[in-house]
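Starting from two chains that each stand alone, build the complex the way the hints lay out.
In order, the protein sequence lines correspond to chains A and B.
The first sequence runs 1 to 434 under the UniProt record's numbering.
The second sequence runs 1 to 766 under the UniProt record's numbering.
It should be emphasised that the hints constitute simulated quantities derived from the structure, not laboratory data.
It is possible that some hints are incorrect.
[Unchecked claim] In the SDA-like style, the derived pairs of lysine to any residue whose C-alpha atoms are separated by at most 25 Å in a straight line are:
| no. | chain 1 | residue 1 | chain 2 | residue 2 |
| --- | --- | --- | --- | --- |
| 1 | B | K365 | A | R421 |
| 2 | B | K343 | A | L269 |
| 3 | B | K343 | A | Y334 |
| 4 | B | K299 | A | N214 |
| 5 | B | K74 | A | Y334 |
| 6 | A | K338 | B | N345 |
| 7 | B | K148 | A | N214 |
| 8 | B | K74 | A | D115 |
| 9 | B | K299 | A | D115 |
None of the values given here were measured: they were computed from a predicted structure.
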Amino acid sequence: MASLVAILDVKGKSLIQRSYRDDVSPSCIERFLPLVLDMEEDNVQVTPCFSDEGINYMHIRHNNLYFLALSKRNSNAAETIFFLHRLCGVLKEYFKELEEESIRDNFVIIYELLDEVMDFGFPQTTESKILQEYITQESHKLEVQARPPMAVTNAVSWRSEGIRYRKNEVFLDVVESVNLLVNASGNVVRSEILGAVKLKCYLSGMPELRLGLNDKVMFESTGRAARGKAVEMEDVKFHQCVRLSRFENDRTISFIPPDGEFELMSYRLSTSVKPLVFVEAKVESHRGSRVEYVVKVKGQFKRKSTANNVEIYVPVPDDADSPKFRASVGSVVYAPEKSAFVWKIKQLGGGRDYLMRAHFGLPSVRNEELDKRAPISVKFEIPYFTVSGIQVRYLKIVEKSGYQLPWCRYICQNGDDYVLRTISDANATGVIPL
Amino acid sequence: MAMAPPRKGENYELRQQLNSEYRDKRADAIKRVIANHTIGKDCSGLFPDVVKNMQTDDLEQKKLVYLYLMNYAKTQPELVILAVNTFVKDTADPNPLVRALAIRTMSVLRAEKILDYLASPLSRCLKDENPYVRKTAALCVAKVFDLKPELCVEYGFVETLRDLIGDGNPMVVANAVAALADIYEASQSLPATPPASPGRSSPPPSSRPSSDLFIIDGPTLTKLLVALNECSEWGRIAILNTLARYKAVDEKESEHICERVMPQFQHVNAAVVLGAVKVIMIHMRSVTREDLLKSLTRKMAPPLVTLISSPPEVQWVALRNINLLLQKRPDILANEMRVFFCKYNDPPYVKVEKLDIMVRLASEKNVDTLLGELKEYASEVDVDFVRKAVRAVGQVAIKIDEAAERCVGVLMELIETRVSYVVQEAVIVIKDIFRKYPHSYEGIIPTLCANLEELDEPEAKASLIWIIGEYAEKIENADELLGTFLETFKEESYPVQLQTLTAIVKLFLKKPDESQAIVQRVLQAATKDCDSADVRDRAYIYWRLLSSDPAAAKSVVLANRPPISLPQTTVAPAILEELITEVSSLASVYHKPAATFIGKGRLGAEDMQRRAMQPEEEMSREKALATVVAGQQAENLLDFDADDEVPSTSSSSQTLSMVGSGSNSGLTSKAISNVAKSSNPLDELMDLFSTAAMTTPTSQPIAPKSTVSGIQGLQDDHDDTFSGLSGLSSPPPQINGSTNSTQQQSQQQQQQQSSGGAQDDLLGLF
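Extracted from the complex, chain B is given alone in its bound form (with noise of 0.2 Å):
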């Protein structure tokens, strides 16, 4: 050793124990360095006397050195080499244990010296006697081609995996289809094949197996088929995975698999069912007999109803799979609603879960029972799930419309009970019912009014004052009521301070007699007193509308909204075929393609490859991705994706939101930009409501690169409008309802104006 160490301390004390003569002494130390380690103490000096002891027939002894090996071969590169030679030998041994433990930590240990042994061992191990070594070396096939891929190529490992699939016993058959799966995985995120990048020299061949090792054929899906009844709960799981990825070539072979994988519904791993369900959605999608769909979708729903009264962190997987495949078919639980009852106990991530799958199981048969209970956990003590429970009372009300009634009735018992929170949620609900049955329930005004005082959330004072604005004309003291919140206006949040400026504007049309005086004030205080753009705006806007053109303000201001509905799905279509493929997994949980919360991967290295083309993109796409991460409407991904035309114009788009509003500047420079290829823009703009305004979007249009923020914005302001029921609500009706009108009034105009003025007419307007 180069330099002497320390006579003294704990490491020279245990040195000297490894080298001891007596082997319960030696036995000792290793245990006592393992149990240094495991608090965390760095033992790496260690390394060549806890080496000596590897070779010894004391099993115990051997998987404590080879931990040791495990976690510090990286640290001693230069003195793995030691261990070599016994590695090499116990890969010989007898004792298939020992050949198996061997084999597993040599192809682990992370330096390219033990690699390069490693070859004929694990060439040897591929074919061992036993099944346990076999089952062993599989993985370790996996585990080498995660370090240096050329060498299992080189050395045909991977052919031998596939071999494998034909292996008699089970339980290697499953090892080798994970490992396959596993590589099969990795090697997608090596370098690409050539077409992908004309530009550069293919890598080279030898770093990535050939696909074809990897394509599963007609002999192999037989193999599978007979393992998967006969291997461990988790082999299964591996075999269910690849099955998932199988391309039938008929539906007779669909068929085929979904009737051989039904079986693992009755398995108690609820992996197993979450696999199984998974491979027979994929391969359902060719399978037309009606009699065989039936029974699939019947036989379906015991297995996932079981599954929730698994441990609670396996039934939120299950419950999150479950929301998933609802929004797929919603008919495969209809009848099963109770069992998502929420239990007292639950913890708060599962309650939530069944509340969201309650509402989407609601109909008009359960409606009262799901009522009763909704009721029941309004009056519980955690106030997050109150008020989502009074929030699932207004979906319900939105989504049914014989139950709206009582719905309301149910709300108005709630609000009596004077609990503050609960107020303020049924408040902000009742405005979503307003929205959706206009006129129909203006007898509750009154007691809304009633508890004025007790609201202190913006958004529930938001959505009061936009019900008092939008009934201006029937409640007597509006004026009065609204008074009262221009009292305070400068200490109001900006959602607050809109409603208020829009519910004053509406009262004056409706009443321009008597309201004179406070829209005066209104707009004063908004256009002087205001340090929000947005409400500044917005004033500026009415105040002209106002001055101008009265009628024009009314039809703008007073403009029918469209009506709102409860979206049947909340990720976009084509994410939800994608996440449906990948049931069980993270991405299925979080509902959201594995891209957006992985960095590496095919997907990510494309993005990178492009990002590297496109630098001034980097922003733009950024912040896409990041509205994907938020959980919003994650399509605009893949419409950003899918074209490639116009060069980003963000600056463009922010010199003209002088509207103060996203979704209409994006929308002016999409006129912009299609001025050109269109004689009316303006239709384009209806379209493009028209289109965002349809619950379940079918086709959604390709926007091109320039409005990718504006539709954004545009389109979370609609995503608000018609769930309605969360974020900032209030503002984007009307900002809907304006820019509408806008257009139709607009329209006459516009047909006789050449197409080149279109833009200067939208910003005269203003």
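The shape of chain A in the complex, shown without the other chains (with noise of 0.2 Å):
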């Protein structure tokens, strides 16, 4: 709960705020930063949220902006978080690009919105696809007046009803973020799969669907036997439209889309993985004059698969100057704002390894701080392949017939943390030929 939700900017300075109960005074809000300054001063950790003299701060952060609920209460922590999370994506979704400016030009609608979002301190509703229909820009200049939508009350609150389609279609993603930690010694220290599945529909009416996958513990308990490969979902999580009951019971996913574009599901495996692009470089320091790099790639899937677009960031030091490259594929860029240089290889074909060299001048005055052991990171897509091996059986719509297995793709890319600290120092080692 929440007695005032504000938008500060990054001066502490309130963009935009709403009071929903009278309990806090607003002039709480200019607190919040000098708090927080405060706390940093005096070596303490800035937590998401803190109290103090009987105020309860709030906040995440988002680009530039805070955004804050203050209560006097004790509030449902995990509840006010995740609906500030959710009204940043709600005017994400407005406005494209949320900052300072934007909330500013829009200062009419976030009103309305925020006035709709919460009531007393309570969220209600934050589906921004819903919140769409009854609050535009352009509300003024329709003849009818605006109504609550059904969906806003309704027990399908994500779905409104009367859509039309000529061509009905669905289609349908499984993406798979590998996540995954490389020590020192090459070895895989943590590993975990995030994969969604993110359906695209144009369907008319009301249409029930069933998603069928090849799941493990389906398969175990309705006793069939699974043809190829089951794979075990260790954590799945769903968009409020599926039956949450259901498929605790039987494991079936069925559900009734909202329109659109949406994520079905999320789910989670921590089997190991190997990397499948796997980095290791060398370094060669001579303090005060030179550093320099040999970094090997290697694909380690399949060979028929290829990964598309592979961006390899080496950390440097940051005070390193005049780079030099020499690469057997691709191209290397240097990016001094990340201190890092990139190489970037457009075609990564399994089973093959390509070196490349790098040299950076260092300055002749040392460094006195120490250096920053960022590890290796790595960006990459392989279309057509997922590393659980799930796979879509069928996706039904109930009622109508036709719509056999939909355009389905699948893709595997790195995760927010595809990271190998495989750097090491070459004096220690041989350098490899390259």
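Take a look at the structure:
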């Protein structure tokens, strides 16, 4: 529960605010940033929630904005923080770019939204698709007054009735992101697969859909023998349209989809994955003059697959200069703002490996500070491939037939934490011959 | 208008436009008014002109005027009446959006006059045919209760609200539940019911709705469980909160609730997941079926792990709660330590929490991976995080006996890096390892001593000095090393002075022949040149002990210290239970009971009452509260509340603080107060020590008020002693050691003494 919600700029000034309960004075907003700064000065950890003089400050950051909620009670912190993220998401849907400027320019509509997403401190509707049906920038131009869509209060709060398409289509994407951490000796310390099933629905009426996956638990519970591989998903999260109790009972994924694009489900597997794109770097550092890198990349996946748009970020000292690169494939650029150089390879075939060399000058004046030991991070995309082997067996539209397997794409990519700590000092071991 | 408004300026212009005959101009002007309000300009002067524009078909304009009213009704209470007519009309508008908007706005205007007109539209809206209006009206009841509870009771709104739980629309149910919970909470802080204050006349019954209304019965429960599966994510949270409050009649019902709530683990909203965890943790208590318990714990783990992939702020809230859950059920995430490995880009607040959880999950099986990871963290740049990582290595050593040697190995490697803060932290940690495993790793002492020069932080210095003193007989040049600290004795901070003093006395007791001179010097320095009472007093004690009875001195100073271990919980068991029922709330995030950070509420109110009766206790109570807030052993507060016998004698415990340590003085006064009851007060003392020395104090002694400060001090000391890893850890072991042996020693004498002489005897020792 929140008594007051405000969006602040980076200087802590309120851009827009809305009070939902009268127990917290708006002047507390001004105290937020000074409190944060004080904490930083006193070397106290600044956490998303803290309390001062009986007021609880809960905040999240987005770009240069603070989303702040204040409360005087023992509020539900998880709810409030998650709500702020949702609010942020709704505003992003409305204005694309969410920053100071877009908030100042759209204050009228933001007030309207704030009025609708929360009431008396209780979050209400944060489904931006539904909100867009009755809160629009052009509302006053409409001849007819807007009415609350049925969906706001319906059991199906995410889809409006009366949608019509001439051509009924469903597109399905299975995207798996791999997060892993490789330690200095090349072993995988931690790995997980975060999968998502995304749907693009252009269907008329209130269609009832059922999705079938090669889910191991379901095969086991129904006693059916799986043809081929079955996947054991550790944790599954569903869009609110999926009937959770039904899934709990017999693992059926049944739902009435929202219109358009949405993420139906996400799942997680913590099976160990070997690094699909493996990178190691040898560094030969001569303090005060130069530093040299030899980077080796290897595609450790099936030969018939290809990784597209591979980007390898190798960290270098902040003060490195005059870069020189030589790569057997792809192109290399220096990205001083990230203190790294980026090796871009358009296509990396499975089982292939490549080398590159980099040379940087270092200032002769020694940097007193310790070198940051950032790991190597990698970006890539492997189409038509999933690590887990998950497969869509069917997507049935109940009542109507004729939509067997719809358009379905698989893609495997890096997660936001695909890192390798495989930077080793070449002085200790030998340099790999090029 | 009484006063002629100025004829120029922006407000004048706006007023002109607000009264313009063209619609566009008026609409534009309202927007400008709101824009001015947004940037903080005061627009209250335009009140009548804005209100004139309330009646319009343009929904956007209506919303803006309503927004204006919400913000300025307070400043112009007598003019609000102008708006009432339109409000009442709007609540009967054919468009449900307008009806809802009107009732929503009307119920937050803080003006008596409006409230009188609110009753009939509200009862109409509560029975509206449109669910959107009903769900909005449900919350309005809570708003009205906040402003004027009597009104709600008079018109039976709370009863209507309760009927709405049976509504066919899940959103209405959810909001009704949320409103009821809100009213329930608010009504708790209203004047208490007669039994609590027998002296006063009971408050007018009308202000507080009958408590029956908040009791959830069987049929309601069924309705809630049905609605739970159908309503929006936010509605689910409200329902889950209510389910957490529900008291199941029997085990079967608890099982039923758990089974019905479990599917919510699959929800994408983190707050729903945590809400479900809360409900299950609460109702699990009465479940005894083994297989169900097992399946519940098994199913709880994956969703908790998935929360770690949320945005950082959500992650942090989840981590704080996981930390709490692990204290209650350490087994739920036993195999999941790897997911808590810190990412390079995690914000610091997330990293620190993860570190803490990793140590909690450390076991013989995964310790090697963990140590490798911690070593990696120790080479990062964030000094604070690096220190915590080093500290974690020490905690692991103390937690897992088998891994201690490997941990020491890691620490030695870290010391070799010669990075100043890493070395210092490592030294502090190694002191704790020596406390846990005495005489096991003496081989590393030379390496430590080699780093003597690099230490500049008091805690690190004090730790190293303690180690030198402890192993003085094995270190050949101990006198030389300690001598260097004696040189700069006056400039050192008090903890270092205390340690130097004790270490040299230890050295003297172990090698009396060669260190006569140095002990003289340190005693001189400590008694003459030192301005800390603690240091001085300790020096005097040593001096007298040494001069009167060297054997006694030996048993006091070189006594065996109680072993340290890692506490399984960071909060007292009673508080932990309470916090578990609050999962996902701020209390569970702060790891503090709500009463400590909220002035209002039930506990706070009781507190206030008692405070009024016993003003002399205020100081000590506040002190106790402050201690809790500081995140220390919070059960002091509970113990404190539990009894009311002895009047405060904080003054007496102050006069007795000769020993220079709060713990001793507190004990003495405890001894006095109990002298009459117990034949041998020192038995009591022993009890106290043994209880406090237990790592998981299942039964805390109920402390009489007079000793609160003392015991608090004692527990703080102990806290430091066993966690040993935080705060100024060095002096306490010494104090404990000395007090322990003091007891043992004087016990024999005590037994012959009459009970009245006990205190004299204790003091006589000094």
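Each hint, compared with the structure:
no.	hint	result
1	K365(B) x R421(A)	23 Å, holds
2	K343(B) x L269(A)	18 Å, holds
3	K343(B) x Y334(A)	24 Å, holds
4	K299(B) x N214(A)	21 Å, holds
5	K74(B) x Y334(A)	60 Å, violated
6	K338(A) x N345(B)	13 Å, holds
7	K148(B) x N214(A)	58 Å, violated
8	K74(B) x D115(A)	19 Å, holds
9	K299(B) x D115(A)	38 Å, violated
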